[in-house]
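Chains as they are written, first to last, in the numbering used here: chain A, 1 to 487; chain B, 1 to 487.
It is worth saying that the hints were derived from the structure and are not from the lab.
Some clues are possibly wrong.
Claimed, not checked - Okay, the calculated beta carbon distance ranges per label pair:
| hint | chain 1 | residue 1 | chain 2 | residue 2 | range |
| --- | --- | --- | --- | --- | --- |
| 1 | A | E281 | B | A406 | 36 to 46 Å |
| 2 | A | E281 | B | H160 | 32 to 42 Å |
| 3 | B | A336 | A | E281 | 47 to 57 Å |
| 4 | B | A369 | A | T237 | 57 to 67 Å |
Note that the Cβ used here is the ideal one computed from N, Cα and C, for glycine as well.
Read off the chains here:
Number of protein chains: 2
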Amino acid sequence: MPRLLATTGIDPSDVIGIGVGFTSCTMLPTTADGTPLCLLEAFRRRPHAWVKLWKHHAAQPEADLINEVAAARGEPWLDRYGGKISSEWFFAKSLQILHEDPEIYERADRLIEAADWVVWQLTGTETRNNCTAGYKAIWSKRDGFPSNAYFAALDARFEHVVDEKMSRTLVPIGSRAGEWSERAAAWTGLRTGTPVAVANVDAHVSAPAVQVTTPGTMVVIMGTSNCHILLGDALVTVEGMCGVVEDGVIPGFFGYEAGQSAVGDIFGWFVENCVPPTYYEAATKRGVVVHQILEEEASRLQPGQHGLLALDWWNGNRSILVDVELTGLLLGMTLATTPPDIYRALIEATAFGTRVIIDAFETAGLKVAEIVVCGGLPQRNKLLMQIYADVTGRELTVATSTQTPALGSAMFGAVAAGAQFGGYDSIVDASQRMARSGQERYLPIARHHDVYDALYREYLRLHDYLGHGSNDVMRRLKEIQFGTRTE
Amino acid sequence: MPRLLATTGIDPSDVIGIGVGFTSCTMLPTTADGTPLCLLEAFRRRPHAWVKLWKHHAAQPEADLINEVAAARGEPWLDRYGGKISSEWFFAKSLQILHEDPEIYERADRLIEAADWVVWQLTGTETRNNCTAGYKAIWSKRDGFPSNAYFAALDARFEHVVDEKMSRTLVPIGSRAGEWSERAAAWTGLRTGTPVAVANVDAHVSAPAVQVTTPGTMVVIMGTSNCHILLGDALVTVEGMCGVVEDGVIPGFFGYEAGQSAVGDIFGWFVENCVPPTYYEAATKRGVVVHQILEEEASRLQPGQHGLLALDWWNGNRSILVDVELTGLLLGMTLATTPPDIYRALIEATAFGTRVIIDAFETAGLKVAEIVVCGGLPQRNKLLMQIYADVTGRELTVATSTQTPALGSAMFGAVAAGAQFGGYDSIVDASQRMARSGQERYLPIARHHDVYDALYREYLRLHDYLGHGSNDVMRRLKEIQFGTRTE
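Looking at chain A on its own, in the form it has when it is part of the complex (with noise of 0.2 Å):
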């Protein structure tokens, strides 16, 4: 920050509010006053004093035990999750740390969500928002958290986890949650006293950066993973979510989220590890990414040219499948396929993956009839934006900024700061004002959709075969793999 304000030449008295946003959920254990157990020389070693981070996947057998017993209770909570909790949520997480170092969950006098955690550090109060409690912690508005007779029934150790080391006080987005402390000013520049919104999530403060504040219009974070924002007027049951959480992205709508665990992350896996040298010499003859060369010769092909098939499951399936032993699947090689072939391939994929979400919001009467794109991938890969309108068969915006969790976090922060400030009163204002719509739109081509509606069938049938529970031998691989482990 010091150096921001020094090479833009900002004043720090023009900086009105400060949003933060932040990956979710990624949780850590603190002392009651913020301190994470980590930085302390008792537990430096102790790997659960450690922050987990949005992609640990480590506790399924703990999703796998919160998820049967709350089907075995008939929890009504379930549905709002698409009938599953991921091991990638708050509950687990913290679950396992209870389960495999139960000192450290002693210790631990907080469990946070690290959005939270840093908005405590920056304004010295300790506030919890009502986003990622949402998404990630199973509270809603309506009936908080589940009851302590549910947390019992996992663990008599658990029982009081909100209690003991959470809160009940959710603060809604969009809220002030405190000002710049007198250590933060010290730390970065800006003014002591500057209004702080409450934390939020990369992904959702994405929504107004790119000017969707009303239903109908799927936002589609695209990087490592995807994540996927789509506003609702009423609270349905959709097929494997994420979430859904009322007030969660924009106030005044639920907010239903999905997601995929890999997207670039598969394609640099496949950069990374199954390129010859040639490709890396022909981008370095050219200064340019091996993804470049890879695009190129990806574009020539016409949709099903290649003959390959591929399930973007390299790091499990979050929607709608929810289940992170599912691994990644392609077929359809012989002799003659060659690397931008398979390039093509799991970009392909991924835009199934992204259909397999549409289809499961458009049943259960959630329209998506636009998609509006951002993150990290978009604005590099043309052929990765025109094969998802191809295969989603819908017009595709690319958002201006590439920076839309930035943009969106800052709409937060002069929310925090209100219009009397030079702020706004509301998200959907600062939305208004703050973002430009996208320029570069991508248009369905038919003939593409079409070879990609026989392509797509064959894809969902083998994601349900392999998905559904038919051939669980993904699963089955893992626990031979785990079996040698423990050798």
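Since chain A is already given, all that's left is putting chain B on it; use the hints.
Only chain B this time, still in chain A's reference frame:
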């Protein structure tokens, strides 16, 4: 040959007989005097005037027709070929010439196996061997060729293909085809009049070359593809065999042949298309091939540790599914999957494919007690051999000779000469005296075999799901792919 005689110092008078082994079905159209049509100026640019290599797969529509008509007519010979004639075989290729270039078909006085054509060029006499006729041209000692009525049902112009362009006189392997002609002597420096054996197949002559002349031991010739030879006392129906021919391998036995369309070809494809620069750099640095780096790293993995499963159908599936439209599959990838993981999974997939063939033999009552392997791959890749032993649960012996097709052909040359002239009177005699049995043995490791049993069950389940019609996705992808070519 002149250089061979010169560098070895062998006296041509010590060469008492000559045998020729060749790939099959590799066939070509010729004039009445044996001139290949492709050598005539008028036909140089006509693809169907040229030789069709064994792995030519473009005659699938003709193979489909051959099978449909045979099934409709209840042709009794279909069972001998596992219920399906492959697009690789003789009549599918011949019919494709007729369909796609009738003039070439018309002008072809002879349609002939390259093996027989070579012997023709060397002796001046056209002969036809019973081995390729039996395995690739639906001929048997007891029933001859299919009826003219059957051929007419395929295409009226095809009715007399045997009488017009082939021969009903088939000479048994182990016989003499003729003598070295003056022309051949001028080419080579070998003596005019040297006995020449009836042509044979490179894979099939490997059985006597590794001293397998009785039932119970399966010979696997491993190279770009796998060929499996097993002798039986009786004629039984085995699912998806390439064929069974009485006296086809060793006189007095039924010679069963099965095959896997791609083995070494898959590993070669992988190294060429899917291995990143670091492995190439490591290979260059150490002065070894990339395969060796991959093999070393893959050797450090426990069975099942990589979590992957592949179907080895990069070039279709010959046995037991007899379907060239099938394609490769790889399943189980995560963001942590490495090239050696995949390399090992591909090796394992080919071993599972071999086990399917063994199971088919044993289901039909033909015991496979042990395995002898030969060909280009086994001596180069110890990991491959251990995996085959572990997957099949059988002792595996590697042939001492790296040139079993040459050795086996030489044995048949010795038999053509006969004992009276320094050779042998039977192939069994020649095998006992001229072969050395392998010294390198691989025993299955019990705990590996247990893990592979579990993985094999998974392989079988996907094999049956995708190979037996539950989900014809591979075929449909090829149809879509074909559609993009004709746009």
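Hints, one by one, checked against the model:
no.	hint	verdict
1	E281/A <-> A406/B: 36 to 46 Å	39 Å, holds
2	E281/A <-> H160/B: 32 to 42 Å	57 Å, violated
3	A336/B <-> E281/A: 47 to 57 Å	27 Å, violated
4	A369/B <-> T237/A: 57 to 67 Å	59 Å, holds
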